[in-house]
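Visitor: Sequence:
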Amino acid sequence: MIRSRWLAALCLAAVTSVAGCGSEADTTSSNDVVGGKKGTSTNDPNGASSSPEVIRERPWEVLSNKGETYLADVFYAEPIENEQVMPWAIDGRPVIDRLVYPTLGNPNLFVRDDAADELVMVTRIEADAIAHLAPNAPASTDGSPRPLTLETDDANDIAFFLVAKNARARATESGNAQSPGDGVYRITPSKMLVNAEPADMPDAFKRRSTIRFVFDQAAMQNVPPGLYDARFEVRKNGKVYANVFEWQYNAVRVFQHESEEYTALNVTDTQVSVGSAYATITADMLDQFVDNVNGSSEPNVRNAAFITFNGDLHNGGSPGSLTESTVATTYNDEAKRVIAALKRLDYPIFLTPGNHDGYASVGHVPGLVESFDAKVGTTLEGVIDLQNNIAWPDYSWSALSAFLDKSHDTVGGLHRDIYQGAFKRSPGDSFATSFSEVPRSDRNMILYDGFYQWKKTYGPLYASWTFAKNRYVSMNTYELRQHRRTGWGMYTVNYGGGVSKVQLDWLDRELVRATVAAQDVVLVMHHDPRGGHLGKDFGYYFPLLNYQSIAQSTLNYLLGEVFLPLICKNDDLDLSIEDRDSCLHDGLQEWMGPDEDFDHEGSGYFLSGVELLQRIAQNSRIRTLLIGHAHLNSLEMKQSGDALVPNRIALDDKSNARIEALELANPVRRFAWENGDATREGSRAAIAATKRTVAAWRDRLAPMLAARTSQEMPQKMLDADDGGPRELAIVRLTSNADLSDEKYGAQSMYGYSVLHVNKQAGGVPRINRVTYMINAGSSEFDQVATVDLDRTASFDSRAPTNPAAQLFKW
Numbered sequence: 001m002i003r004s005r006w007l008a009a010l011c012l013a014a015v016t017s018v019a020g021c022g023s024e025a026d027t028t029s030s031n032d033v034v035g036g037k038k039g040t041s042t043n044d045p046n047g048a049s050s051s052p053e054v055i056r057e058r059p060w061e062v063l064s065n066k067g068e069t070y071l072a073d074v075f076y077a078e079p080i081e082n083e084q085v086m087p088w089a090i091d092g093r094p095v096i097d098r099l100v101y102p103t104l105g106n107p108n109l110f111v112r113d114d115a116a117d118e119l120v121m122v123t124r125i126e127a128d129a130i131a132h133l134a135p136n137a138p139a140s141t142d143g144s145p146r147p148l149t150l151e152t153d154d155a156n157d158i159a160f161f162l163v164a165k166n167a168r169a170r171a172t173e174s175g176n177a178q179s180p181g182d183g184v185y186r187i188t189p190s191k192m193l194v195n196a197e198p199a200d201m202p203d204a205f206k207r208r209s210t211i212r213f214v215f216d217q218a219a220m221q222n223v224p225p226g227l228y229d230a231r232f233e234v235r236k237n238g239k240v241y242a243n244v245f246e247w248q249y250n251a252v253r254v255f256q257h258e259s260e261e262y263t264a265l266n267v268t269d270t271q272v273s274v275g276s277a278y279a280t281i282t283a284d285m286l287d288q289f290v291d292n293v294n295g296s297s298e299p300n301v302r303n304a305a306f307i308t309f310n311g312d313l314h315n316g317g318s319p320g321s322l323t324e325s326t327v328a329t330t331y332n333d334e335a336k337r338v339i340a341a342l343k344r345l346d347y348p349i350f351l352t353p354g355n356h357d358g359y360a361s362v363g364h365v366p367g368l369v370e371s372f373d374a375k376v377g378t379t380l381e382g383v384i385d386l387q388n389n390i391a392w393p394d395y396s397w398s399a400l401s402a403f404l405d406k407s408h409d410t411v412g413g414l415h416r417d418i419y420q421g422a423f424k425r426s427p428g429d430s431f432a433t434s435f436s437e438v439p440r441s442d443r444n445m446i447l448y449d450g451f452y453q454w455k456k457t458y459g460p461l462y463a464s465w466t467f468a469k470n471r472y473v474s475m476n477t478y479e480l481r482q483h484r485r486t487g488w489g490m491y492t493v494n495y496g497g498g499v500s501k502v503q504l505d506w507l508d509r510e511l512v513r514a515t516v517a518a519q520d521v522v523l524v525m526h527h528d529p530r531g532g533h534l535g536k537d538f539g540y541y542f543p544l545l546n547y548q549s550i551a552q553s554t555l556n557y558l559l560g561e562v563f564l565p566l567i568c569k570n571d572d573l574d575l576s577i578e579d580r581d582s583c584l585h586d587g588l589q590e591w592m593g594p595d596e597d598f599d600h601e602g603s604g605y606f607l608s609g610v611e612l613l614q615r616i617a618q619n620s621r622i623r624t625l626l627i628g629h630a631h632l633n634s635l636e637m638k639q640s641g642d643a644l645v646p647n648r649i650a651l652d653d654k655s656n657a658r659i660e661a662l663e664l665a666n667p668v669r670r671f672a673w674e675n676g677d678a679t680r681e682g683s684r685a686a687i688a689a690t691k692r693t694v695a696a697w698r699d700r701l702a703p704m705l706a707a708r709t710s711q712e713m714p715q716k717m718l719d720a721d722d723g724g725p726r727e728l729a730i731v732r733l734t735s736n737a738d739l740s741d742e743k744y745g746a747q748s749m750y751g752y753s754v755l756h757v758n759k760q761a762g763g764v765p766r767i768n769r770v771t772y773m774i775n776a777g778s779s780e781f782d783q784v785a786t787v788d789l790d791r792t793a794s795f796d797s798r799a800p801t802n803p804a805a806q807l808f809k810w
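First residue of the sequence shown? That's 1 in the numbering used here, and the numbers climb one at a time after it.
Hints were generated in silico from the structure; no laboratory data involved.
Where hints are given, some of them may not hold.
[Unchecked claim] The calculated lysine-lysine pairs, modelled on DSSO-like cross-linking and capped at a C-alpha distance of 27 Å, are:
id	residue 1	residue 2
1	406	424
2	206	424
3	236	191
4	743	809
5	743	654
6	206	536
7	424	501
Throw the hints in and build the complete structure from the sequences for me.
Guide: Spelled out as structure tokens, the structure:
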């Protein structure tokens, strides 16, 4: 059992109060709940040092006393970081507003037998909301969170509850002040801590204070093992004050103990859609998964510690959903369906985002859609006017119209160095170095962004958690700049992977913490950073294109209510039925190349796929990758000396033809290659020109790779720190939705998996076994097989000795 005092040893007394080794810059704030002071420090961008300066908590982070990243950005749910026109509130309720940890998609695991374990609830609260409790905290001398005291009595307090599912209707979701009862446990914090507010902290973040409520073993002694909703409420005169209360479903699981050997479930690529027939193969399949695991008598399922999820929770629309009223409300409608399913789970679920979760639009309606809607009296202005809780400050149709005029020539949005939110972000250890606010007038006026719905519904876009001797690091691999994620509904042009320098900087610190704690790392992500497609053509990173709207031929087909694989057919392409069927899904692109507007570095470019792979190759704590995206099960095992990072593109004629077909298969992306020229769309001349442009991109990409790898040979796996062997298991898992082309016998292989963490030779618990479950219909799932991951072997995804390749055909 790993319960760390290691961070306390590194960060001294500051960390014993919830691992808060804060920044040391000067702090003062007139809007702070209480005031304080701090100084400066530096950060090692390579994460090579295990010094406190490298792994200490940044002013915007919240770490546990085990070194987990509860929150990589405590401001993730702030209004300024989620400004869009369409509402993200669910049935009028902002799901995540003040209670930012734990949440449905980023829960807390608490172990009763671990004397050092703590439950922490993190809130963002306005000073006015608790002024009647006379908050007081001493000034901070080192930037760490400060002890907070409140003047409370039975009628005036901040009350916290853990609520079992059987009491949810009467306690979790109530607007009234709650009392302990059957299934309702009031817990009192053993300490309260308020974050310091440095002088360089953006003013928008100072409108609320970050307060952590810590519950130690004594505070949790009356809570039995189980899964609970988390609820907090501010009380005045015995009633909920000013509507300041919030709850998060399934946010805390209490264990009696944690075993080094355990099982976890994995479900991924649910791609929940609410669009007519598409809901039956996506949203209904999620309901069937929930029903099955909740009712399972199989011990490895029934006793699973938690669920991991590898991305694409949402679909972001459906193939036939193109009208303004449908597209504008899609993410919100899908989120309602997702919550309805996930809150029924008997397990906590850690959610990792994928590309379908992060599509966005600036509101340029494709011309044919606009004409089609006009015939039935629908306009975008009218759709917006019907909404309550519009999330864009001081919204007006005239302001949106002015923005649409301003961005007329760039229908995907103005090119800005913003991934999401209101700030240009850079690696750094102070607000001044890491946050640069972009004025609202210089940003895109976003109609909707799926990532905003995610953050306001499920939790942060990346985080980490530990269980027994394992550290799980959940990454957002669709971290493209916002204007690169735009489109209309599920139709966009860039859906492969990418990560920012800021997220890589955070990963560096995560890996140092794992090294200090002697933990094996499982990276949970959606995309494969090696690029290519379906385990082929590694090193080919797809170029980022400008969204150019949707071609008329595609719209004619869809609006004529004819949705067949033939939509992707082109006489110049040799695509199988499966390829054509998948061309409107996302598996065609694995990872994206650099953003040539912003990713220049000297004479070269920042390649996020290469940067991530180099970290995987060089850090022996990483032993397992869990990925999704391609809707299939596959296994690979790499050993010391095996190459991960190619330093050149080696594409033969067949590979070149395959890459060209992939670039042309999606009609929306093909239209982008053609620069939105509707007069030439799909013509043989246009396709020939596009092929020449694809070839030119390959010629540019080759030296980019060579420059970033800076070696004559590809980056190879290194030995373990102790000089022993080093292996890496790459485990790709299939879709839960009925979207898989992979076959098990004659059946489509979609379902979920059981991950077995046990000990092989050497005695280190790792994911060493996988059980594949296939959807057999009517909420029944059959066990296909359990395969062992031989960590002494070396095989690729299609090797005859590969146990997954022997089971599945793809």
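Visitor: Compare the structure with each hint and give your call.
Guide: For each hint, the structure was consulted:
no.: 1; hint: 406 to 424; verdict: holds (21 Å)
no.: 2; hint: 206 to 424; verdict: holds (18 Å)
no.: 3; hint: 236 to 191; verdict: holds (21 Å)
no.: 4; hint: 743 to 809; verdict: holds (5 Å)
no.: 5; hint: 743 to 654; verdict: holds (24 Å)
no.: 6; hint: 206 to 536; verdict: violated (49 Å)
no.: 7; hint: 424 to 501; verdict: holds (12 Å)
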